[in-house]
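Q: Got two chains here, separate frames each, mind docking them using the hints?
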Amino acid sequence: MSDELTPPSASTPPTEPSPEPITPFGKISTGAGKRSRLRKWTRRAFIGAGAAAGGGLVLGVGGIVFSPNRLSYVPDGAEGEGHLTTWIRITPNNHTTVLVPHCEMGQGALTGLGMLLVEELDADWNLCTIEEAPAEDIYANGYILHAFLGEVGVSIPGFMGRAFDFGSFKMAQFAGLQVTGGSTSTRGTGVFGLRLAGATAREMLLEAGAEQFGVSKAELVARDSRVHHEPSGQSATFGELVGRASELDLPSSPRLKSRDEYRLVGTSQDRADIPGKVVGEAGYGMDVVRPDMAYAAIMRAPVPGGQLAQVDPSPAEAMNGVEQVVQLDDAVAVVAKSYWHAQQALDALEPQFTDAGLGHVDTATIRGWHAAALDEEPLAEPTQGGQVVTAEYCVPYLSHATMEPMAATAQLADGRLDVWCGTQDPLSTRGVAAAVAGLERDAVYIHNQQLGGGFGRRLPGTYDYVEQAVAVAKATAPRPVKLVWSREEDMRHGYYRPFVMGRFQGVVDEPGRIHRWASRFTGRATDGLEADPPYGIKDKDIAVVTSPAHLRTGEWRSVAASQHGFFAESFADELAHAAGRDPFEFRRELLSDAPRHRAVLERAADMARWASALPDGRARGIAIFESFGSIVANVCEVGVENGRILVYRVDSAVDCGLVVNPQQALAQIHGSVIFGLSAALFHEITVKEGAVENRNFPDFNMVRLAQAPRVNVSFIESDAPVGGLGEPGVPPVAPAVANALFAVTGQRLRDLPLHLA
Amino acid sequence: MIDFTLNGEAVSLDVPPEMPLLWALRESAGLTGTKFSCGIGNCGACTVHLDGAAVRSCSVPVANVAGRAVITIEGLADGEALHPLQQAWIDHQVPQCGYCQPGMLMAISALLERRPDVTDEQVTESITNICRCGTYERIRSAVQSVVQKTDEDLDEENGNV
Ligand code: FES
Ligand code: FES
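Chain order of the listed sequences is D and A.
In terms of my numbering, the first sequence is residues 144 to 900.
In terms of my numbering, the second sequence is residues 157 to 317.
Only chain A is shown next, with the shape it has when bound in the complex (with noise of 0.2 Å):
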């Protein structure tokens, strides 16, 4: 039994402690939101957060997370009020397929969550996730409109500088 903290909850899944945690998640917790598409840790698809950092759940042992925090999209949102880069996607029409999505948004959240004035070029070398679909450009704008304006943004904005 591999007990930890899911979305909020505590959580005792049956299953062996080498299990990828990307596979306890989608067949015994039965959240699905989190994404299976290259299992190796390079597409980041799975990503999750682990006590508040985005990891690649298809490389983490279930063992790995025994009494620790997990957060998957399903739980990106505070109850009915989402994340506001979940509303951002939804104000930016963000998705195509949408099945990198669910990825993109925990890679992104965990770094917003570190660097709240992230800038683009930040987003752009540290988010190495894959989207299919090509949605970048939207991911760009979309995050930029959520990331908290530090006061020289401000002025440059407004023409201070």
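If we strip away everything but chain D, and leave its shape as in the complex, we get (with noise of 0.2 Å):
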């Protein structure tokens, strides 16, 4: 047993569960006073290694946890309350398997994560494998808070809200967490945890190379998965040196590199899930099939709290190829021996639903509600003198729609779960999964498959799909189902980016200097940050007011930012213009004490030559936006063809510290502003009569390659540290075509989506 780490194998499916429990530490098993810990490391990791069953050595580091009151990370003697985010396993035939705890959604974190690794390790990159790691409570993801908190202090980012002991700190242990999202993949993880787990095996396979070659470590150096001895010309591979390398003591300081040293880091390499992509092969939880598994369409009550008052399930039992009506408390969902059957027999329901009291309600009282909120959290009036501006904006709720619905398949048999599903966040979805079935977590097993898309869809606190599927799964227990929404369903049950309306005001002076920079809006306590412009304005009042609710909302990409860099940058430009500045001119000079943001902004002028002339009827717009440490500035070309609004080309400037997978760093930001656009010009998720009306791509349109710009990116990299690339490129993009529009038309739009008049 002593040295019997049993970690998952590459033979092992990644979700699957562990025959025996994974000892987080292998050392620890040898017993605890011979474990080894890294005194410099030890308040904010722990470290574990050991010989893998069949030779070489496993490798794995754990998160961090929290003491209660303050932030220090606990010590020794925590054993169970660390949390292994990472294993490396290197075995006798010099490949190495890297486990990463982050799913992929297509943002290539996988990939990006595992580079971070690779290189501290100084493998062959083409001798390493990237998986997920499976979803279990030791891998779960402490790293991701470290990331935020390093942001923002000790304010916890909104959607770990639901899933967070605040009090206890004790995040990962207590919540399960295990979250892709927030743009966090390359920046919590693959700093804090990664690097560290790559350099300290490194240092074990240097050690066991001295050892061998009987030179000093300092006179090794690794290199392609080999260590070389360059004076006397030995080398072996990291596969011979493992044996030994798994007996040694964990080293007292691995030497993580600087970045000049760096040489996969900051080259493109290629993602591994994309050949299954292209043939059709790739499996999204849509795609599960099990045996004799049945399909279930649903319905659920169209009004938020509305439950299903009465349904008489008749028409739907007597057609062809249906099993059963499911009722439940909100919802009906027919089983059947298709998704087509099923789906036709809900049709041919008539649930009658109750609407909690809320089907009064449309998008004009929503809107109401939000102004009434601001109306009793006024503007001081100014104090200084000068011109006074100010203006309203307003934005709708939005649909993730994702390309993929919701889709689950879930079984309940010899007292055991399993769900099939692609989520964010596995190990939150096992909880959410336990409580419907009420069985122990234990008994829970998630498979997670790709996503088809996330953006913020499948984060903690949205898995009503799994719920439902393990409702449903109840009635046709043993047998599996297969839960799919029909897009319809899915937009109308999303949890969408909130309403938000912001109230604005400032002062310019004669020569053109902002005095005064005064915003109430409505959303979360914690959406204050992102409203705080990096302009050098001495006068400043920003401050949130809590948001009246109707529909549900979550996380959707780029978050508060999405609000917030359309109300700041579109305000900004309205000063600018009250100033008779021009708006790249006018930022310029208010970011001299922001030299990032400066550079940022300059060279996005630069790439679309903000000054030179353009064919009539086109104008330019500029919008400088920070998020996930990462700061974005656009410049739009735009113009207006019987009444449409056509973006022509988007040049965008990024820092996001260091540039990991260029690549797919290029391939985040191209996603971003088509994402960005397409709420810009088309998104707007309205209700009426307390329901959502959209029901498909038709009345919630989508940027297609016709309406598609040229988009040309450039990276700047800064000492700054790792910042996020999946969101950031959002924010900048909806003012950065108002603000164009404006310079064509002199139509000042402040609400979204943009319509002309």
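Think of the hints as simulated: they come from the structure by calculation, not from any bench.
Computed from a predicted model, the values in this text were never measured in an experiment.
Among the clues, some could well be false.
Said to hold, decoys possible - To give an idea of the chain A side of the interface with chain D (calculated C-beta under 7 Å), a few residues:
1) Ile-196
2) Cys-199
3) Trp-245
4) Gly-254
5) Gln-257
6) Glu-277
7) Gln-278
8) Ile-283
9) Gly-290
What the hints assert, rightly or not - Beta-carbon label-pair distances, calculated as ranges:
10) Pro-240(A) x Gln-495(D): 52 to 58 Å
11) Asp-273(A) x Gly-889(D): 42 to 48 Å
12) Gln-453(D) x Glu-165(A): 30 to 36 Å
13) Ser-168(A) x Gln-470(D): 33 to 39 Å
14) Arg-510(D) x Glu-281(A): 34 to 40 Å
15) Val-167(A) x Glu-424(D): 42 to 48 Å
16) Glu-281(A) x Gly-889(D): 28 to 34 Å
17) Asp-273(A) x Glu-424(D): 27 to 33 Å
18) Gly-511(D) x Asp-273(A): 52 to 58 Å
19) Glu-165(A) x Asp-894(D): 53 to 59 Å
20) Pro-240(A) x Gly-889(D): 46 to 52 Å
21) Ile-196(A) x Leu-789(D): 37 to 43 Å
Yeah, the Cβ is synthetic: ideal placement off N, Cα and C, and Gly gets one too.
A: So this is what it looks like as structure tokens:
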């Protein structure tokens, strides 16, 4: 047993439960007294290493455990509170496997995170496999929190609130969080966990090499999965050294590389998931097939909080292929031999739902609520002299509208529950599924699938599709059932980007300087940070007003930055025009104490040749916004034809600190521009009689090739910590388009989506 | 029973004639590469080839394909040899989540079949498939990397204009 570490092996699909509990610390099992610990790292990470079954080295790095009252980490003796976030296994055949605690939703997280580790390990990228860690508690991703703490002090990002015990700070263990979102993948895990794991393993291999060659470790270098002793020309593969390395004590201070030593990070590497995605083999939640599986379609009460009052199941039951009608508290589902049979039969039903007393609410009602909330908190009259500029902005509810509608397959049999679905957080999904099934978490197995888009829709707190699938599976037990949401169901039951209204007031003086920036906006208590512009303005008065609620809301790609980018950068433009200044020069001047922002702004303007002439009927708009540790500036070139807004070109400059995988970074910015543009031009979830009116893509239209502008991207590397890339590209899209539209038409559009008068 | 040719092989599916081809493919024939997204013929995720033309399988009753030839993403490659577009998709690392890509590949491969020298403008005009992840920029470059260049294109590229 002593060195029997049983890590998930390559032959075990990552989401299968391990037959035995995985021991987080390889060395621990040889006796607590012998545990090696990295002194220097004790307060922020646990690390363990040992021999793998069949020979080879296994090394794991664990997450942070916070003590109750302060931001120090629980040191020694906290067994069971460590959460292994990263595993490395190097086998005697010189192959390296890295398990990364993040899921792949197309943002290249696995590849990027793997690169950070392999860089420190000095392994040959072609001899490495990067896999997603299974949904086991010991993988819970504590590092995610640290990435945020680095940015915002002790405030907890909103999407964690639901799954986080703030009082104890024991996030990972308490809530079972293993989350991909908030652009934290390359920020948190990457920087704090993976690099450490890679560097530690490299030190142990060097040590083993020093013993083998009989030289000092300082004379050795690791490169391409080999340890070299250049003076003598000797070298050995990692695989040849792992046997000895696995017996060594952990090094006391593994050295992390400085950025100028990077060889792999900063080069474009292909993603491993892509070949499967071009031949139709990638398996999404929607694609799961289990033996003897039934299919279900569902309709939930259209008004939030509504319940199923009554339904006559007979029209469905009479239909071919239908097995049963399942009534839930707030929904009705039909189980049939195919999804199509199920949906046809569901459409034949006339369920009656209650409306929770909200049947009178429509979009205008909601707008009125927000205006009334802001009326309660009026902005003070400015005390300075100068021109006072005021503006009111408003953004609608938005659906994530992932290309893959929600779907989950569940099977309750022999006291265990299996769930196959795509989720951004397998661990909390497990908790949710266990609660519905009335089982212990240990009896629940989550088999995570590829996600056909996430954007925040499959984050903790949004697993209603899993809850429903488990509820229906109780009725079909022991048979498995796949629940598929129609696009219409998906559109009507999202966790929407909130409806938000903001009121702004600024003062500009004669030479064109800003003296005051004041705002009140509806939202959550934590939203204030995004609303504080980087501009050097002495008198700032910014505050959030608690938002009235109607539809369910959630985290939508770039979260609160999605509205605040539009508000703040539209208003900055209004102030520039009020001051009679060029919008670029105006911002540039106000950023004299923010060199990173200024460099990004200047780069975007250079790329677009800001001051150069354009064809008649076209103009440029500029916007800059920081979110998730990255700064993005966009210049959009916009025109109007037959009343339609056309965006010809977007120049995007990005400072995300470090670019790990340039080609993936580029793809993220491309995607963000399109995502932001769909919202700017088309997207609006509207409410009538309490329910969402939108049904499908015709009334929630998407940018397609014909509307997709040419996008040029330029990255500026800085010494800043690694910033996110999945989301920061979104906020500066809508304001840059709106600002350009103002320049073309003279119309200042303060509501999204942008509709010309 | 509906009989047709699926990826080169004769199949016989026991499904109602009005069932959309999409569901017959996914749930009866067991080919899940063809994707469901909107179900109303709007997004293109379910695109397949019917006698060589791109169709949105969510909006084609399976009865309509009786006696005809259907190719899905699983049959786009020629055995082990990927279709040139599939290879270009890998070379240009086109997909993000990938969910729309089978439909994209089927729609664009049918277009290329008709117009081997298709221009970027023609692709932009005729391909209305949705990619929520916004991979359009790479789709454009990948397509242009496989189109057959006309003599004029080559002249232009070589600076002989
Ligand atoms: S699923 Fe067929 S076109 Fe959208
Ligand atoms: S790659 Fe995700 S929808 Fe196109």
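Q: Look at each hint and say if it fits the structure.
A: Status of each hint after checking the structure:
no., hint, in the structure
1, Ile-196, "6 Å, holds"
2, Cys-199, "6 Å, holds"
3, Trp-245, "4 Å, holds"
4, Gly-254, "3 Å, holds"
5, Gln-257, "6 Å, holds"
6, Glu-277, "10 Å, violated"
7, Gln-278, "11 Å, violated"
8, Ile-283, "5 Å, holds"
9, Gly-290, "3 Å, holds"
10, Pro-240(A) x Gln-495(D): 52 to 58 Å, "55 Å, holds"
11, Asp-273(A) x Gly-889(D): 42 to 48 Å, "43 Å, holds"
12, Gln-453(D) x Glu-165(A): 30 to 36 Å, "48 Å, violated"
13, Ser-168(A) x Gln-470(D): 33 to 39 Å, "37 Å, holds"
14, Arg-510(D) x Glu-281(A): 34 to 40 Å, "38 Å, holds"
15, Val-167(A) x Glu-424(D): 42 to 48 Å, "20 Å, violated"
16, Glu-281(A) x Gly-889(D): 28 to 34 Å, "31 Å, holds"
17, Asp-273(A) x Glu-424(D): 27 to 33 Å, "31 Å, holds"
18, Gly-511(D) x Asp-273(A): 52 to 58 Å, "57 Å, holds"
19, Glu-165(A) x Asp-894(D): 53 to 59 Å, "55 Å, holds"
20, Pro-240(A) x Gly-889(D): 46 to 52 Å, "49 Å, holds"
21, Ile-196(A) x Leu-789(D): 37 to 43 Å, "26 Å, violated"
Hint check: violations occur at hints 6, 7, 12, 15 and 21; the rest are consistent with the structure.
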